[in-house]
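Line by line, the protein sequences give chains A and B. Here the first sequence stands for residues 4 to 801, where the numbers follow this note's numbering. Here the second sequence stands for residues 4 to 801, where the numbers follow this note's numbering.
Quick caveat, the hints were computed from the structure, so don't treat them as lab data. Here the structure is a predicted model, which means the values were calculated and not measured. Wrong hints could be hidden among the right ones.
For chains that are exact copies, the list does not tell them apart, and a pair is met inside one copy or across any two.
[Claimed, not checked] Listed next, the in silico DMTMM-like pairs over lysine to aspartate or glutamate satisfying Cα-Cα at most 20 Å (straight line): (1) Lys523 with Glu748; (2) Lys530 with Glu742; (3) Lys229 with Glu251; (4) Lys743 with Glu539; (5) Lys530 with Asp490; (6) Lys714 with Glu794; (7) Lys557 with Asp524; (8) Lys295 with Asp333; (9) Lys137 with Glu57.
Number of protein chains: 2
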Amino acid sequence: MRISLDGKWKFREVGSLEYLDGTVPGCVQLDLINLGKLPDPFYSVNEVLFYSLEEKDFEYVKEFYVENLDWQVKKLVFEGIDTVADIYLNDFYVGRTDNMFLRYEFDVSTILQEGRNTLKVILYSPIKEAERLKKIYQSKYEYPHRSWIRKAQYSYGWDWGPRILQIGIFRSVYLELNNGLEITDEFVKTEHLSEELAVVKVFAKINSFEKPRSVEIEISDGEYVKKVIPDVYKSKEGYFIEERIEIENPKLWFPNGYGEPHLYTFKIVVKTSNEEATQIVTTGLRTVKIIKEKDEYGESFIFEINGIKVFAKGANWIPADSILPRLTEDDYKALIKMAKDANMNMLRVWGGGIYEYDWFYNECDKNGIMVWQDFMFACAIYPDEFDFFVENFRKEAEYQIKRLRNHPCIMLWCGNNENNWGFRDWWHIGDPEFLGNRIYKKVLPQILSELDPTRPYHISSPYGGEHPNSEKAGDKHTWDIWAGWKDFIYYKHDNARFVSEFGFQAAAHIDTMKKYIPLKDQTIFSKTLRMHEKQEEGLERLIRYMAGSIGLPKDFDSFVYLSQFVQKEAIKLAVEHYRKNKFRTAGALYWQLNDCWPVISWSSIDYLKRRKALYYESKRIFAKFLPVVEYEDGKLKVYVVSDDLMPKQGKLSITIWNFDGQKLYEKDLAVEIPKNSVIEVFSEKVENLNILEGEWLYIPKHVETAVIGDKIDRGLLRSIVFVSLFVDQIEYENYFVFEKPINLELKPSQFEYEIKDDYIVIKPKTPAVCLIIETDKDVEDNFIFARPEKEYKICLNG
Amino acid sequence: MRISLDGKWKFREVGSLEYLDGTVPGCVQLDLINLGKLPDPFYSVNEVLFYSLEEKDFEYVKEFYVENLDWQVKKLVFEGIDTVADIYLNDFYVGRTDNMFLRYEFDVSTILQEGRNTLKVILYSPIKEAERLKKIYQSKYEYPHRSWIRKAQYSYGWDWGPRILQIGIFRSVYLELNNGLEITDEFVKTEHLSEELAVVKVFAKINSFEKPRSVEIEISDGEYVKKVIPDVYKSKEGYFIEERIEIENPKLWFPNGYGEPHLYTFKIVVKTSNEEATQIVTTGLRTVKIIKEKDEYGESFIFEINGIKVFAKGANWIPADSILPRLTEDDYKALIKMAKDANMNMLRVWGGGIYEYDWFYNECDKNGIMVWQDFMFACAIYPDEFDFFVENFRKEAEYQIKRLRNHPCIMLWCGNNENNWGFRDWWHIGDPEFLGNRIYKKVLPQILSELDPTRPYHISSPYGGEHPNSEKAGDKHTWDIWAGWKDFIYYKHDNARFVSEFGFQAAAHIDTMKKYIPLKDQTIFSKTLRMHEKQEEGLERLIRYMAGSIGLPKDFDSFVYLSQFVQKEAIKLAVEHYRKNKFRTAGALYWQLNDCWPVISWSSIDYLKRRKALYYESKRIFAKFLPVVEYEDGKLKVYVVSDDLMPKQGKLSITIWNFDGQKLYEKDLAVEIPKNSVIEVFSEKVENLNILEGEWLYIPKHVETAVIGDKIDRGLLRSIVFVSLFVDQIEYENYFVFEKPINLELKPSQFEYEIKDDYIVIKPKTPAVCLIIETDKDVEDNFIFARPEKEYKICLNG
């Protein structure tokens, strides 16, 4: 029996006399906002009003009544406390928490009273606690505050997130009352998998004071049903099952784009003389392996799922709110659906956030979204020279691995984010024994070998090769562009084996920007805007890239729109390059899918789940088929990237227009597309394309030591290429211009449009590099390139 | 007897039938401009019209008459040909030139005719010649075109210069007719120097068919006169003198700011039976040494002149025109005077330009400007694996060293610009045997030990320490700021021993910008403007730094002004830091003094010799005394840097104002300033300065992983500190604000002004961070900071 202690609590700052109304799950920040004591931290510069909370201690109190104490086991369970707290029940000390990523169970058999009980949780300032630990342990290393506390690292402020050190009981609290029967450590392991047969092993521990009377496993996927009565064994730790089960003609779990992400449920039912317990494992049958083979470029890094080489397409995931308890299952459903709709097949749960809620993994399971799962360490050295820290983490790892290992979506465990790169290039400490490395290189491999040997483990992201961020082996974070200020054309020089991070910033959706930035501060370098740009000199980078590729914005609105246009163009160029390079490069996960507050960031979906230009573009660049146009050695070339597992026939249509709306060239051709690879399908000298005008212009171009005038035919600056590939009745489009927009002789696009019901129909009379539909509706497509002769019918409530 | 062949010549493109009027000294480019065949290459994007010339060959022809051939020696002398040419006299082949940095003498005794002679010079395309050499020598290395030809490297286009491959006879041509008597290789070496006595050795070769009848050396400095009759010796190479001369109570040559740059002339007169020859050496008496001593930071790099440790203050020098023959002595006089007036004491003749005209060194001699002299190699690998290249360079080095070694201004020979840094960090070839290193490490030390052992030789700039660009030893080029996009606040972290390059761009003077950029293109990212910004992504950097420190410009004019303001603030911050760090840092030469065309660049003086904000600031930051204000650990501190060789007493006045014009604080104090060092003269907690308002604000600030709101008292954002130091009746001023301007609560400054005769008198009512006088006159001071209670009287024709 479970008695929820969620709901209404009381809280106060320690030392204050007055109690206020609080809520669990929740946190101090959320309670104070709900009470009107503090404003929305995301509006304007309100964030700063929340800083002082981090130095304070708080007390949460709940009175509750228990009618019947007639249970052999009485446990108080906290699904999650953020972070350092002492817990008292009826003024008896129950225990301490110091890890946000742990579930805590306390035995309260002797303390719990019939009738009224008072539960008190004293939450301590994480800053002061870190100071206390620093003093006690006296390390010679300067760990930042956040390294001492097992707490979501992004809450200390990140380059896309505010500094809001959440303090509170942020997940459910309940009493667990039973007579000792519990099924734990459930694990469904796929041992063999073919089209004909799957062999799985079902493992579970059964806590019970007596030998279970019956144990049953029921396997179901809606259609298929199989019941198994497993043998029950006894070890010194108790009872357990470990049952080999065969499933004939199994339906496999496939990543998005490769088939259905089929799921099975394994329902384990245990009965004793006086109790019955049920544990349901929902999982999928699939294999995962990373192909690491020496080749001419170094060593491959290719995800092989069910024997198929899969190019990973997707993004990095961060916590979807800086105030976690606000998140609901619907938020996860919506965001994962958006990832799927954008033709992504992988998300990386980044190590500076949280081990995500079950909702996240459930949705990924259902939508075929593969997950790269980091352990929660990011961009810092960690005090694993001290055993207390390692033991704390060990509990965390064991709990999280057991919680997550049945999710078929998770494809990889990864030790941390960027710390091994940091050892080498930022902190210049080589490859140390401690500072986190003890955990990444010793502790984690040992725990995983025991609790989940079914998935690959990767020491860090990035890692592999002679240098942690090598492009010869392992994964790479490509940050010389943007972070390193390099032009995004240099993505074309990146031959990483797997790009687990690369990215480009843009403002949030214009409505989101305007909602959170007061009207008077809607200028490009206002202090308020600068507080909604969390990267050092991020706004400067935005302006730098915008200026260099399309020009300076006229006003706040054009700043927002141009930033999104440039972001989408940069990532489009990168993804086209990476996919064209498959499988030398075997994955492209851009930084980042989502936001945790309204901010200028690398995301494609903003905090309010509004879509930025990049989101719309992601659908195109991650589609199963991607036609890519290049201008190489005086030739216009079209390549087709296919992620299809079958060879296909397609129809490619190429049209070239000038910006006045004249069609200069047209060609239709049938194309044979080999499976899961890249092919050049068109190559023609530009002289034969009716583009050249014979008038020469000079555009500024960098050559060796200077910028000189580069001679170019004016026609190349006045024309645009559209390609349209039909495969299986689906159209895959792309466009190409010969220079960056600032050098083109663009003209305002002319078009007609009408709005019918929920649709807008746009009929261009001249081609457009980018048409923006400005509406408060949730349009299906936007920031589109468009050519004459085609009608663009776009749903306005998409 | 010398017969000049300068003046009117004819020229044509090889293959063309028509001759055009040309001029020598001159070049194809200049002739075509003068003829109206090509427009001003500096206007708009006209530069591109000059590119095609570089692939062409040209013929220059001069007819001249010689009346009397009755001389034993008949030589045809070219002071400089740019570059590859065959020379014919009366259709006889005379010889070939292939080095712009050489003087060529040809014996024409047998070819020269009495009466009419025809001299023909065929100039070859330097691009085609480089291609030809590439084919012949078949190196495994990819040398750029410019590396094959001994020609000014900047003419191929540099990140501040257009690509104009000058082709022509760019220096004087003449016939030298005599009977064999010539004085060459003259060299006045200081062997001992003290206040009481200078010992010099005067060396010269005397070419003569007979033993000279008399030789005399006359030493004079206007006052002092001494005549010496030296011994004449004979070796197998001919006659020579090598005379030890004592000068009692000598007047030394001092760098600007340390005393007079006193000069002596040594007039050598030689007579034979039928001829008399005179050679005048103007030189100064001084010693130079670089103090390289191990210390706690590594190894020092301090110029010691006449036993005095001198902090080098100045800039890098580039050719003052992309079309060299336009330059006149007056140009040099004006520019060197400007360097001196800006309190500079050193210029570096950068290795991508030319060994400068005599005018340059003469003016440096006269003005006490020390010269860091590079040999002409820059930012490339050079084909010294081939002997032809080394032998060509050997002639160049011998000629230039002999030409320049008597100039007291030259303090250092330096092998090249940045090539050894390049070996390491750009081309990743370690420390090669060839690629230029043969010349820098073997050939040059050997030549110099023979021809000029009086000065230090430095292998490259930068060089020294474990890394060529180390901050522990040798000189350093600090380019992580600007080139590497880093904020200029990071200058404060640079502990280089000698900063021979660092810099920050700005637009040219607004009148210069408007003269060369057509009105319609006077927008911030116009193609034309982008062609007047030669660094890759230079404009993007300008915008990035401007935006981050003061905000985006409204229009073209504000773009120009703000760029200059930010440039001056950045270099001010750097120089204050470097000078405060003396002698850990012992020199600060900013990149760059001057321009070779109208361009957005790092210069402080533009092509038309108009002064940018940085020029005015240079006077202040390079002055003998520099008060520096810092805000450190909650305290306002004032330091005084002194380059004076005597301890001094000064009066320091500190006033603090808010931007409304209220005086918040005032303090006068007497200060004791020790000689040639730095002292803290004031330190006060900010609480005691009447600045704080008790109202807290938050400004965006980068901390660890994010930008957060940094709490600051509003008073700090609304006040400005002025310091005024009086020493020897001279006022040295500075100002300080607590944040970058974009964070300040600035207000438009209020002031009155009147114009009287050639002066403007400004009376501020509220303080100003920067007052700009907009006038077409040549104002004495501009971009000034100004405080109430002071009148600013500024000459408008200064």
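Hint check:
no.	hint	verdict
1	Lys523 with Glu748	between (35 Å within a copy, 16 Å between copies)
2	Lys530 with Glu742	between (35 Å within a copy, 13 Å between copies)
3	Lys229 with Glu251	within (11 Å within a copy, 115 Å between copies)
4	Lys743 with Glu539	between (27 Å within a copy, 15 Å between copies)
5	Lys530 with Asp490	between (27 Å within a copy, 18 Å between copies)
6	Lys714 with Glu794	neither (36 Å within a copy, 55 Å between copies)
7	Lys557 with Asp524	both (15 Å within a copy, 17 Å between copies)
8	Lys295 with Asp333	neither (38 Å within a copy, 70 Å between copies)
9	Lys137 with Glu57	within (17 Å within a copy, 68 Å between copies)
Figure legend: structure checked against the earlier numbered hints; hints not met, in rising order: 6 and 8.
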